[in-house]
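Protein sequences appear in the order of chains X and P. Residue numbering for the first sequence follows the numbering used here, starting at 1 and increasing by one per position. Residue numbering for the second sequence follows the numbering used here, starting at 1001 and increasing by one per position.
By construction, these hints were calculated from the structure, which means they are not laboratory data. Even for Gly, the Cβ is constructed at its ideal location relative to N, Cα and C. Be aware that one or more of the hints could be misleading.
Reference listing, derived: stretches of chain X covered by chain P, where coverage requires no fewer than 3 residues with Cβ under 8 Å from a Cβ of chain P [said to hold, decoys possible]:
no.: 1; segment: 124-137
no.: 2; segment: 155-169
no.: 3; segment: 198-207
Chain residues, written in single-letter form:
Protein chains: 2
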Amino acid sequence: MAVQTGMMNMTDQRITMAHGSGGESTSELIAEVFGRYFHNEVLDRLGDAAVVQGAGRIALTTDSFVVTPVFFPGGDIGRLAVCGTVNDLLMSGATPQYLTCACIIEEGLPVEELIRVVSSMAETAKEAGVSIVTGDTKVVERRSEDRSELLINTAGVGMIPDDREAPLPEAARCQPGDVVIVSGVLGDHHAAILSARMGIQNAIVSDAAPLTEMVSGLMAAGMDIHAMRDVTRGGLGTILREFAESARCGIEIREEALPVRQEVRDFCGLLGLDPLYMGNEGKAVFVVAPEDAERALSIIRGSRYGAEAVCIGTVQEAAQPEVVLHTRIGGRRRVGPLIGEGLPRIC
Amino acid sequence: MAVQTGMMNMTDQRITMAHGSGGESTSELIAEVFGRYFHNEVLDRLGDAAVVQGAGRIALTTDSFVVTPVFFPGGDIGRLAVCGTVNDLLMSGATPQYLTCACIIEEGLPVEELIRVVSSMAETAKEAGVSIVTGDTKVVERRSEDRSELLINTAGVGMIPDDREAPLPEAARCQPGDVVIVSGVLGDHHAAILSARMGIQNAIVSDAAPLTEMVSGLMAAGMDIHAMRDVTRGGLGTILREFAESARCGIEIREEALPVRQEVRDFCGLLGLDPLYMGNEGKAVFVVAPEDAERALSIIRGSRYGAEAVCIGTVQEAAQPEVVLHTRIGGRRRVGPLIGEGLPRIC
Chain X
1 MAVQTGMMNM TDQRITMAHG SGGESTSELI AEVFGRYFHN EVLDRLGDAA VVQGAGRIAL
61 TTDSFVVTPV FFPGGDIGRL AVCGTVNDLL MSGATPQYLT CACIIEEGLP VEELIRVVSS
121 MAETAKEAGV SIVTGDTKVV ERRSEDRSEL LINTAGVGMI PDDREAPLPE AARCQPGDVV
181 IVSGVLGDHH AAILSARMGI QNAIVSDAAP LTEMVSGLMA AGMDIHAMRD VTRGGLGTIL
241 REFAESARCG IEIREEALPV RQEVRDFCGL LGLDPLYMGN EGKAVFVVAP EDAERALSII
301 RGSRYGAEAV CIGTVQEAAQ PEVVLHTRIG GRRRVGPLIG EGLPRIC
Chain P
1001 MAVQTGMMNM TDQRITMAHG SGGESTSELI AEVFGRYFHN EVLDRLGDAA VVQGAGRIAL
1061 TTDSFVVTPV FFPGGDIGRL AVCGTVNDLL MSGATPQYLT CACIIEEGLP VEELIRVVSS
1121 MAETAKEAGV SIVTGDTKVV ERRSEDRSEL LINTAGVGMI PDDREAPLPE AARCQPGDVV
1181 IVSGVLGDHH AAILSARMGI QNAIVSDAAP LTEMVSGLMA AGMDIHAMRD VTRGGLGTIL
1241 REFAESARCG IEIREEALPV RQEVRDFCGL LGLDPLYMGN EGKAVFVVAP EDAERALSII
1301 RGSRYGAEAV CIGTVQEAAQ PEVVLHTRIG GRRRVGPLIG EGLPRIC
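With the hints as extra help, turn the sequences into a complete structure.
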């Protein structure tokens, strides 16, 4: 009953330093915001650590999210914080299972905004098939007059199935002849964040999504994925360069095959951006043996968020690691490293 | 060789937004700061997730650290970030094994400061017997003219030994007759942070420490600890109240038994602070059956950081949950909840 009464008041409140004290206000915030939306058997015990079922091998990852603005077309920091960590686990060959949620909140944040973010996390976690089992909340002083920031860290634990036969994906396993597949259009998240920040109204929305169905489909089919990576900060170009470096090989991709939505292409043209270096939050690149390529592509296309998957190139023998782009007009361009800032606070 | 050359330059640099881009500068920062100090077989693979050995049951925890100042008498944010998470795992009955390390760095931070923090984390992790296996780095704009902040999240995974016979400690397992032990003096971390912030020179130092040896000693002896908790934000008073609430019992403690160092006592007297609500970072409270109390106390006293452990009270039947302090002058005082702010950014 106390909780119910509290809840009604809470939605209209702002975060205060007392919410970070570790005392009554902290308990109230945890119960009425996090407890309410993340509610599950493990989390409800409210211990400082969660005890959960393990496995012979587990995967562990962490990501902090500092995206600004916190709400953007197609998503929010909460959806991002779940997708980013779930996708990192998937990329290691693990089945994502448990997430932690640690919030650093600037005082003055409207509790209503926190609730929108937390409920978005809960919804995305449900879609991704993971439980948020433990968390932490810190409150810090607000240092900007016009807004209170919210930073979220999610760490994740996934299980490596004991009966898994195929070796785990690893950049170094790329080999000449392999086919490179991307799961969909490039640059959407990056362009959506940048548009929001510039106050530009357009049809671009973030692609933030958990790739659970796509990757578990490939795994369930026993597919031997040589390498896979979610396309985030740094973009596809940066990932392919890392693959080439790790496997000491060349990667050749065709510009005309790179999937980019027309609005994003126009936006990039306007600002002189290259989709090859732009971050997504719901796309992955897969490297598979040529004989597996068609089957992999069909599984990816049949999965949620994978309808626009395409083969974009191949792995080649090379005297030294390099990524080469075959341009539309028949040229060859070396894909260099991303130098400098990229887009700050994109995730 | 590139790393060596880079390293020499790096120590004198400041963090720039480019270090957060996900491109070359990010790789350099990760290799030359985090990779250099955290170096281990799993981390060195530099995947977005770490694959490690699991167990039938695992414990999972997360904590963000926002302490200010970042360096304080007796420790720094790095030592704190390892101790806090290691201790949370220990308190759940797990053997701490793997940590993640996610840094949010404001541009302008001298790399030399980051290196001091990272090497402190590495040293503390070694003492605590854990490996830092994966991490994340984000850079955000500096928003204060005079300093760049550093925020750290550590998530941790511990293993619950398969052959463990005693049930896991849990607040609800406190029962009438049980003895309450604290592992050492109260309030040191809190008083050290506050002194540093007020610019007061005194002999008080933080007690930040990993309690691995103490707790694993109790576990190895097969001790059935009914409840245990590390004394942090909110202080001993807040924890005992939570124990009493969870177990629906009373807890009586004796003021004269509460261990407080003389300098801390003086400092508290001066500022009107109550050590019962002050945070430590290397102390724990244990609740055990009366027949186990002497043996538990002797194990704790024989362990690192446990020399000053004492029994401070007992669990009692009570009509409703309450914590009662028997004062030095023979009075009874109800230990109420911590209301309001406490000390912001103490951890």
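Those earlier numbered hints the structure runs against, lowest number first: 3
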